[in-house]
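Colleague: Protein sequence lines correspond, in order, to chains A and B.
Sequential numbering of the first sequence, starting at 1, is according to our numbering.
Sequential numbering of the second sequence, starting at 1, is according to our numbering.
Honestly, the hints are just simulated from the structure, not real lab data.
In this text, a Cβ means the ideal position worked out from N, Cα and C, and glycines have one as well.
Certain hints may be false.
[Unchecked claim] List time: in silico EDC-like cross-link candidates among lysine to aspartate or glutamate, alpha-carbon distance up to 20 Å: (1) Lys73/A - Glu17/A; (2) Lys96/B - Glu17/A; (3) Lys73/A - Asp515/A; (4) Lys48/B - Asp515/A.
[As the list claims (entries may be wrong)] Derived coverage of chain A by chain B (criterion: at least 3 residues anywhere in the stretch with Cβ under 8 Å from a Cβ of chain B; other residues may be distant): (5) 108 to 122; (6) 161 to 170; (7) 183 to 192.
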Amino acid sequence: MSTVILAAENFRAPHLEYGQLAPMLIVFGGAVLGVLVEAVFGRTWRGRVQIPLAFATLGSALVWLAILAANQKPHSVDAEGALGIDGPTLFIQGAILVMAILSLLLVADRQQETFVAEGAALPGSDAEAQSLARGSVQTEIFPLTLFAVAGMLMFPAANDLLTMFVALEVLSLPLYLLCGLARRRRLLSQEAAVKYFLLGAFSSAFFLFGVALVYGYAGSVKLGDIALAVSSGPGAATGVPVEVPSIVLIVGVAMLAVGLLFKMGAVPFHSWKPDVYQGAPTPVTALMASGTLVSAVGATLRVFYVAFENMRWDWRPMMWAVAILTMVVGAVVAITQTDIKRLLAYSSVAHAGFLLTGIVTTSTAGLSAVLFYLAAYGATTIGAFAVVSMVRDTGGEAGHLSRWAGLGRRSPVVAGIFAFFLLAFAGIPLTSGFTGKFAVFTAAVEAGATPLVIVGVLSSAIAAFFYVRVIVVMFFSEPEPDGPSVVIAPATAAAVALGLAATVVLGVLPQPLLDLAGSAAGQLFVR
Amino acid sequence: MSHYLVLSSLLFTIGAVGVLTRRNAIVVFMCVELMLNATNLAFVSFAKLHGNLDGQIIAFFVMVVAAAEVVVGLAIIMTIFRTRRSSSVDDANLLKY
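Chain B on its own, in the form it takes in the complex:
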């Protein structure tokens, strides 16, 4: 039981560290998706622990929301890539201070 939770926390942490250190907006976004999927694993393991189906249902909701997020996110990242010819988050630096 707790192995799955440790794995889930590890995946979540890898995702969070990736968001903070990677420079490409697409990779940053993939790291966010990794965090969401780590959460799904946690939900499913907790559902097994408690013996109810809530957690498994929630995992489906999370997948749908993540898919919607991909649509919006890739549209935004594509637009800024076409404008700047770069998807690095370091190049988007007009707004500061």
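Same shape as in the complex, but just chain A:
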């Protein structure tokens, strides 16, 4: 072992490219400021300060990102090798920021109806009644959301596996808490938080052991060094050849994949998704369904395209199996669902499968198709969950599908918009879903993954069945006399409108975003 001399001249201040890291730093800074606001301001002022602060943070991060991407086209390893800023990463970060702003519209709207008055007060206790009477709001949701978004931004940018693990936890821990903060049906919400937490911690332990094994093989956790060790043998990166059997590497990659696929919600690691999506407050579900998925796919892309590209013949069969299982199980199990949020959760599982079809291509076309798919799917998802949060009855959101009967007659516009979102999920032409699926499947056929595409098309057909079933329930059945009504709040309506606009525009005029995704993917990930 080399001797390490502890002397002042051996220490050197790390060099940080602040300009390129600013989007992440702004969001982290906003989150820390939000914690300070909680400590400094009184109860009446907190909400009034937190909401503008959160929007300003995300907005300025997005503006900085747009300027950075337009002017500099960065393609470099920053922060002493910890973060890689390149075309695909900037695209993914931009998509996450847009989705976070849309989700924040839902979070900020009507917190009195969605989020718990006081998380520590027991359901049904006097303390809860008092906190409700006081009209208090748990404003900690805003800094928690910002921390989660910051983690999401860092996760796909992480250029070494340690940074990736830390980002994974920074994004997960606030989400575990946010899941348990629903105002109505608090038992469900707390149960969702416990399940998400235990399963999430379990999967991150797998991820970490995978990191340990890959480190054992390569001698470094930097993705570029790992790629070098994969092609030239263990120890190639450190210059000290060592004897490590290659099974260590293979098991390590498999365990890393468990952690990443869990966050994506791919079968067989999907079991948390329906429970958590159903139990969590709907704005948080919207954030998870869009931002977390985009971020997890981004990190998966970077790990498998940069570090393990040279061993793609080893991991591809595994990914094929997972993709097929994910598409089929997601589509088939969704048919039997009776809760609208669970149904959308299984639909999200199926979509993770379509994304995996693009990921296994390891081609530039596949990469750009996946990027487009992520942006299109995220916008549609937030719109759909925004509609779900608008359909309410006396007990809160009307989650059960039977309660949606005849919604098309009572509020044709909202039901029509929801039907359009469902058609976009199904991939009907002239919606963004069609363009995304078409791009992904074309890239997969070019890369020789035709069997995957056949399974994908078949499971899309199965999925179309249950989407259409919801439309039939909404439009062709008699409304219940005490059925739910549509409560329109301004910010939620804005989120619906923006989601709808994105779905239409990306379906009718997809070329600008396809070009953007193509040029971002053309840069490839930095090594």
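Dock chain B against chain A, hints included.
Modeller: Leaving out everything else, chain B in the frame of chain A:
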């Protein structure tokens, strides 16, 4: 060298089996912590193998992250225990199918 790795894998497996079979949320969580500490042992032994300090530094990061996870996890488990008077993961069964 390889003894430490075998020990680490054994501890990791014991933790994983514990997560899958134990019923008390606190014990499940302790098993997850056991898995993380098994990983630390693997990191430190691999650091010795390669002769660099990366693995030892990573072990510190893992400890910090595990501590943060304990804070969040115990808060969630406490809340559901106070609501239901039970921390068994089998009793939390409202969300299914």
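Colleague: So which hints don't hold here, by number, going up?
Modeller: Violated: hints 2 and 4.
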